[in-house]
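K.L.:
Spelled out, the chains give:
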Amino acid sequence: MHRTRIKLEAVAFTLPSLLLTLVLGIYPIFWAIRYMFYEYAGYGTPKFVGLYNFERLYRDERFWNAVTNTLVYAGGKLLVTLPLSLLLAVLLNRRMRGAGLFKTIFFMPTVLSASVMSIVFYVIFNSYNGMLNQLLQQIGLSRGVEWLGANYAMLTMILIAIWGAVGNYMLLFLAGLQGIPRDIYESASIDGARPAQQFFYITIPMLGPVLQMVMLLAITVSLKGYESIMVLTQGGPFGKTDVMFLYVYKMFFSVASTTAEVQQYGYGSAVGFAAALLIGAVTLIYFYASKKLNSLY
Amino acid sequence: MNRWSKRPSGASVLAGVFLLLVAAVILYPVLMAVLGSFKTNAELNGGGSFWPARWQFANYSQAWKGANFARFSWNSLFVSVAATVGTLIVASMAAYAADRRDFPGKRLAIAVQASTMFISIGAVVLKPQFDLMVAIGLHRTLWGVVLILIAGHAGTYFMLASFMRAIPRDLDEAAMIDGSGFFRTFRSVILPLLKPGLGVAGLFVFRSAWNEYILPSVFTMTNPKLQTLTVGLANLRYGVSAAMQTDLMLAGACISLLPLLLVYLLANKSFVQVTAGSVKG
Chain A
1 MHRTRIKLEA VAFTLPSLLL TLVLGIYPIF WAIRYMFYEY AGYGTPKFVG
51 LYNFERLYRD ERFWNAVTNT LVYAGGKLLV TLPLSLLLAV LLNRRMRGAG
101 LFKTIFFMPT VLSASVMSIV FYVIFNSYNG MLNQLLQQIG LSRGVEWLGA
151 NYAMLTMILI AIWGAVGNYM LLFLAGLQGI PRDIYESASI DGARPAQQFF
201 YITIPMLGPV LQMVMLLAIT VSLKGYESIM VLTQGGPFGK TDVMFLYVYK
251 MFFSVASTTA EVQQYGYGSA VGFAAALLIG AVTLIYFYAS KKLNSLY
Chain B
1 MNRWSKRPSG ASVLAGVFLL LVAAVILYPV LMAVLGSFKT NAELNGGGSF
51 WPARWQFANY SQAWKGANFA RFSWNSLFVS VAATVGTLIV ASMAAYAADR
101 RDFPGKRLAI AVQASTMFIS IGAVVLKPQF DLMVAIGLHR TLWGVVLILI
151 AGHAGTYFML ASFMRAIPRD LDEAAMIDGS GFFRTFRSVI LPLLKPGLGV
201 AGLFVFRSAW NEYILPSVFT MTNPKLQTLT VGLANLRYGV SAAMQTDLML
251 AGACISLLPL LLVYLLANKS FVQVTAGSVK G
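Residue numbers (full-length UniProt numbering), protein chains in the order written: chain A, 1 to 297; chain B, 1 to 281.
No wet-lab data here; the hints were simulated from the structure.
Quick reminder that beta carbons are idealized off the backbone N, C-alpha and C, glycines included.
Each statement offered as a hint is correct.
Among chain A residues calculated to face chain B with C-beta under 8 Å, some are: (1) Pro28; (2) Ala32; (3) Ser113; (4) Phe121; (5) Phe252.
For reference, chain A alone in the conformation it holds in the complex (with noise of 0.2 Å):
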């Protein structure tokens, strides 16, 4: 008797997570499974189209532009910004003056906003009277770059996308470098290995797991990202930093100043269930290559 009210009262504890989650966030997939074989502009009947809408994305030249841009997005950013935040990690992995202060510093981005900040960095990045144009004009260094015009505004996102990122893998590095025994180093340095060599083959085998962990994770979340895209550039100019999941947005919401698109609830499920599709293919290729990887040491 007293146990199954126990029982009954586990169950209540759960039912609130449960139920949330079962409807704000498994519902909300299998919503999109449905609209991805239908027309639906969000008024009158959703029109049942089979797999058109996987049809039109193959011959959807924007959705292509947005997967080869979040591929460079994401590719661009991982690239700079792992070794990035692997060297400052195993810099402030010393024992050394300010350390603590230098770790506050880097991480300080990943407290704040992203938005807010892309708007910061629009008042510094924008080409007619930005603060950066400023600042290299008054050095002598450049005339002016357009920043966030059509040759140049990829980078820029990139840039701003390590800025926020930085810190945060820098703090995950750390934490794996902790785990490392010193006294591997000491005895290291005594048979005469110099810095270089013992990052080589001591840090990078023994971080081995970690980095792999942190790979796959910056790998999906940089797919994934589009916040401050949408803040800065909304996908332009002539759609430069469109990515899938900004594409997906504009589908199911237009955004401000944009021309007002069609609502298109069913291609757009279709889109975003590619691009879940294949940020799923890219973490299993990286699954299989870092496997591979294993065998190598």
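Dock chain B against the given chain A, drawing on the hints supplied.
P.N.:
Using the frame of chain A, we list chain B on its own:
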């Protein structure tokens, strides 16, 4: 012993210079925002000095009153506090039941939580979520945003479960033997012991709710009165006036950044300790 102690000069100096350089780059935008928020618009557009020629404290009062930042701040505070309290309650209850008791459907409940953390169809979910809120009439209030934020509690749930595992079972078993029931044990034994975990998790939830942009922007498209700081600020950029008021924008940015920045500096240790649980970017 540190690795470079034998040669402290060359390599260490180089490392120090490098660290300072990175720190300067990281600080630059924040510093520019804070200093810029005290300049006049003309000064911002014309370039020139690093420090404001004359500190324009009026920018803040203008943003606070004229650009409605008082209202935005209240909305942000409401969303963040409600989402944090709600998430902590829902997640700690579920984590308590899962960690301390066996009940039918427990494995399923945990699996459902875990799956929401891995499947992401991005912006698509916003539409059905919004429709659900319309169905129960919460789309014209910020409660809809709060509810959706609370629903995304999987990360907090797992974080609290790991804290819960560290609390010795003897304690709550003893309380049960002494006759306190399931709920009372939770309230008067578990929750007090879970305080550090709740604190850290609460900090994280508060941060992401305060910084949330996409969700409140969807919910306030037709109802500007409900805009949070992140949304209101971004909308200043598309303002109707021809000349952009950069000074107000920066003052607004500071109004929305400074509270979190202060909390971060005060709670730096707790922030830094448990980051592994939440990868942001």
